[in-house]
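Single-letter residue listing:
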Amino acid sequence: GENVEQHPSTLSVQEGDSAVIKCTYSDSASNYFPWYKQELGKGPQLIIDIRSNVGEKKDQRIAVTLNKTAKHFSLHITETQPEDSAVYFCAATVKAAGNKLTFGGGTRVLVKP
Amino acid sequence: SAVISQKPSRDICQRGTSLTIQCQVDSQVTMMFWYRQQPGQSLTLIATANQGSEATYESGFVIDKFPISRPNLTFSTLTVSNMSPEDSSIYLCSVGPDSYTEAFFGQGTRLTVV
Chain A
5 GENVEQHPST LSVQEGDSAV IKCTYSDSAS NYFPWYKQEL GKGPQLIIDI
55 RSNVGEKKDQ RIAVTLNKTA KHFSLHITET QPEDSAVYFC AATVKAAGNK
105 LTFGGGTRVL VKP
Chain C
2 SAVISQKPSR DICQRGTSLT IQCQVDSQVT MMFWYRQQPG QSLTLIATAN
52 QGSEATYESG FVIDKFPISR PNLTFSTLTV SNMSPEDSSI YLCSVGPDSY
102 TEAFFGQGTR LTVV
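Protein chains in written order, with our numbering: chain A, 5 to 117; chain C, 2 to 115.
The hints are simulated quantities; they were obtained by calculation from the structure and are not laboratory data. Hints may contain errors.
Stated by the list, open to error - As a list, the in silico DSSO-like pairs of lysine-lysine whose alpha-carbon atoms are at most 27 Å apart:
id: 1; chain 1: A; residue 1: K104; chain 2: A; residue 2: K41
id: 2; chain 1: A; residue 1: K46; chain 2: A; residue 2: K72
id: 3; chain 1: A; residue 1: K26; chain 2: A; residue 2: K116
id: 4; chain 1: C; residue 1: K66; chain 2: A; residue 2: K26
id: 5; chain 1: A; residue 1: K72; chain 2: C; residue 2: K8
id: 6; chain 1: A; residue 1: K26; chain 2: A; residue 2: K72
id: 7; chain 1: A; residue 1: K41; chain 2: C; residue 2: K8
id: 8; chain 1: A; residue 1: K75; chain 2: A; residue 2: K26
id: 9; chain 1: A; residue 1: K26; chain 2: A; residue 2: K62
id: 10; chain 1: A; residue 1: K41; chain 2: A; residue 2: K26
id: 11; chain 1: A; residue 1: K75; chain 2: A; residue 2: K41
id: 12; chain 1: A; residue 1: K116; chain 2: A; residue 2: K41
id: 13; chain 1: C; residue 1: K66; chain 2: A; residue 2: K46
id: 14; chain 1: A; residue 1: K75; chain 2: A; residue 2: K116
id: 15; chain 1: C; residue 1: K66; chain 2: A; residue 2: K104
Extracted from the complex, chain A is given alone in its bound form (with noise of 0.2 Å):
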């Protein structure tokens, strides 16, 4: 099955600072890849998506990038802002019914003001 690996598992950035978390997958048939942010006591909020057919996405101040060929996919954040202070997860699957996401094991970003 799919395994999906991210680092860091920490990240401290100074606000205003760029922050950048990467993830690997295992499986090449995966073709698409949410990132979550998760704050204390809510559930993961979708906050940016990639599909195999593209290889970056962007949305604001958050923006994605896959590379099919090596199998990885990081989210990066500019301008960070304290409020981007959360747990970040990446995800992949083979989107389409009946198919789970495997998560990695997150990644605490703290933004200092």
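We have chain A already, so just place chain C on it with the hints.
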């Protein structure tokens, strides 16, 4: 996007008892998923719940411990049975992804077993 409501949001339970968690979705969905998130850990899939059939459990999870109901296309329950302190976790309900939608999560049920 789907709106998912879970109840209760948190509970403290005595060991040996059972707790049933409810999950309500604002639209009809074929599959619903139940995850466990142990303290400081990632999400682990417990089972997939289809309407009209038995739930499909992942390795390490059994129906006797985590019975699931799926009476219709908008509702599911997960019961944590005969609880021990090791069951203290956040339990999350989700829908998707499928060919048309992304995966969305409820706010979770924070369970503490004492």
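These are the hints, each one checked on the structure:
{"no.": "1", "hint": "A:K104 - A:K41", "verdict": "holds (18 Å)"}
{"no.": "2", "hint": "A:K46 - A:K72", "verdict": "violated (31 Å)"}
{"no.": "3", "hint": "A:K26 - A:K116", "verdict": "holds (21 Å)"}
{"no.": "4", "hint": "C:K66 - A:K26", "verdict": "violated (35 Å)"}
{"no.": "5", "hint": "A:K72 - C:K8", "verdict": "violated (39 Å)"}
{"no.": "6", "hint": "A:K26 - A:K72", "verdict": "holds (13 Å)"}
{"no.": "7", "hint": "A:K41 - C:K8", "verdict": "holds (21 Å)"}
{"no.": "8", "hint": "A:K75 - A:K26", "verdict": "holds (11 Å)"}
{"no.": "9", "hint": "A:K26 - A:K62", "verdict": "holds (16 Å)"}
{"no.": "10", "hint": "A:K41 - A:K26", "verdict": "holds (14 Å)"}
{"no.": "11", "hint": "A:K75 - A:K41", "verdict": "holds (22 Å)"}
{"no.": "12", "hint": "A:K116 - A:K41", "verdict": "holds (18 Å)"}
{"no.": "13", "hint": "C:K66 - A:K46", "verdict": "holds (25 Å)"}
{"no.": "14", "hint": "A:K75 - A:K116", "verdict": "violated (31 Å)"}
{"no.": "15", "hint": "C:K66 - A:K104", "verdict": "holds (21 Å)"}
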